[in-house]
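Residue numbers (numbering that gives the first Met the number 0), protein chains in the order written: chain U, 0 to 337; chain E, 0 to 337.
I should point out that these hints are in silico values taken from the structure, not numbers from a laboratory. These figures come from a predicted structure and were not determined experimentally. Quick reminder that beta carbons are idealized off the backbone N, C-alpha and C, glycines included. Fair warning: there could be bad hints in the mix.
Within a straight-line C-alpha distance of at most 27 Å, the following computed DSSO-like cross-link-like pairs (lysine-lysine) qualify [as the list claims (entries may be wrong)]:
id, chain 1, residue 1, chain 2, residue 2
1, U, 258, E, 198
2, U, 141, E, 11
3, E, 141, U, 141
4, E, 258, U, 11
5, E, 109, E, 141
6, E, 141, U, 143
7, U, 258, E, 258
8, U, 198, E, 258
9, U, 258, E, 11
Chain E residues, not near chain U, derived (Cβ > 12 Å throughout) [claimed, not checked]:
id, residue
10, 4
11, 16
12, 58
13, 238
Number of protein chains: 2
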Amino acid sequence: MSTMNRQWRLKKRPVGDIGKDDLELVESPIPDLKDGEILVRNIYLSVDPTNRIWMSDIDQYMEPVGIGDVMRGGTCGIVEASKNSGFAPGDFVIGGMQWETYSILPGAGKLPADTGLPLTAFMSVLGATGMTAYFGLLDVGKPKEGETVVVSAAAGAVGSIVGQIAKIKGCRVVGIAGGPEKCQHVVDKFGFDACVDYKKGNVLEDLRAACPNGIDVDFENVGGDIMDDVFTLLNLNARVSLCGMISTYNAADDWTGPKMFRNILMKRAIVQGFIITDFLGRFPEAQAEMGQWVMEGKLKWDVDVVNGIENALDALDRIFTGKNVGKQLVRLSDDPTA
Amino acid sequence: MSTMNRQWRLKKRPVGDIGKDDLELVESPIPDLKDGEILVRNIYLSVDPTNRIWMSDIDQYMEPVGIGDVMRGGTCGIVEASKNSGFAPGDFVIGGMQWETYSILPGAGKLPADTGLPLTAFMSVLGATGMTAYFGLLDVGKPKEGETVVVSAAAGAVGSIVGQIAKIKGCRVVGIAGGPEKCQHVVDKFGFDACVDYKKGNVLEDLRAACPNGIDVDFENVGGDIMDDVFTLLNLNARVSLCGMISTYNAADDWTGPKMFRNILMKRAIVQGFIITDFLGRFPEAQAEMGQWVMEGKLKWDVDVVNGIENALDALDRIFTGKNVGKQLVRLSDDPTA
């Protein structure tokens, strides 16, 4: 067993794009376990658009990561040592929230054993990603059968699942993604009715063609100009489930708002921001239903894995440059379920 | 009885501010009544920010006024002749929707007789203005006792009533208005806890001082920079009742959106546009409660009357330049209740 931990610490707050020296990878010895604690060898790190928000000090939904602190991010791993009677070596757990190869925790969420699913499923479709899709679509977007749902970043971790749930609920589902390959993938693998390639540069007209009855629900992951085009086509009483606005997170100064904000008024629409932790108490019901869909083959997912903690920033960059297809993970150590 | 009608017709769509020759006042003979019709001598015309929207051909919540058509706007008046058994000369009615001195209608909303209230009350606190305040605050903004409610255009027709209802519901109420006189009036007459003078140019800091517990409900009438400042101070799970954005209606080209739109995400807030006609079926319940508050002296209101249909555009301009205090009306003919 390695006795050294490797951790990414925030050195300074990025201005615009994340710079190579905004964070540093440092090594330190792993302290001894105290009573009640467990030592977890982390296997996967989730990198997400919101990591960029946590690096900044804008007013946000959690505390920003402090300068000098270990970067925040979801991990899963395997218990290697335990001084907590609830955990034994070999247990798979989730809930460490730091960019590091080992975590000492007072406990963590134990993952179900013997599901036949790989560990990556619990870091994607059945993890926070899947929960975000489930509650953001069903509780915030409130789609009705026959309505048109538009999903931006449709090939991404959350978007691809949102579209499939909307299909299960009987909606017309139109994705927005970058490039013909991603668009084809979204239609072929995830069953979207159509997918608009924003790189073709004609989003408004392509969306109009793909949504002949207008847009009833916008599951918004991107913001910026693409959101403006979606807002332009909103139907009366449309709902915008505001999950994220990745296109704006790297803006060095003021973010710009949607020019078509006026359509919220004109169409008596609702825009609602949400964060998945608001729904923590309802995760079990969602996981049960999502798990059922997974077992029935109704719900597919992609994971996109980069190897090695030293490549965590490259993995994050893949999201901001649209290179990832599906849930972006960093493999920190061997995955016995893979 | 005059036999000529005077009507404002839309000649061309304004670009930016409304120009003197965008509309024209024309005279035409009043046609004979057919069976089922009533002839109404209009007494008051309501001029409202939304008139500017109807003059444009942007995608909006009703059809724009057609070029050459009589301009749209709410009126009330008195029946002068009737071929409809439901109406008799002398009845006061509401519901003509054109800028004209006489209306021939198939019927209209009859106003209650003998209330002791002037006709102007039914064009303000107990009319569409009051209904907008009531449903926009209570159904859309959903204020809870002890919360902080911010109201822009607080000295205006809707804003002044919103603030009073919020006070009745036990909220801290902070207005935003232009100039020290309006602000003082909002506090003295309408009982707001504080009022920020946006003309002092320090809206964000003044709002912060007036809202030490942040902002839970924004009743938004103004849009633009002032809305951005309000958005900056939104609390977690804040509600924005989007009633109007008068500051943007004269923009000749693209409207700009709120820079602090991101706070809808960060604060998991809800922005909801509404239009009062969505609540038509519930007007009676609201009018009953509002009427009670009026009788008890809990609800006050201002009307700001300009005389003569020829001055309708000047009256509308008073709203866009912030000259009006309270509900802006145009008196088209003698008011026997005044």
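Quick one: which hint numbers does this structure break? Sort them smallest to largest. Of the numbered hints given earlier, those the structure breaks are 2, 5, 12 and 13, listed in rising order.
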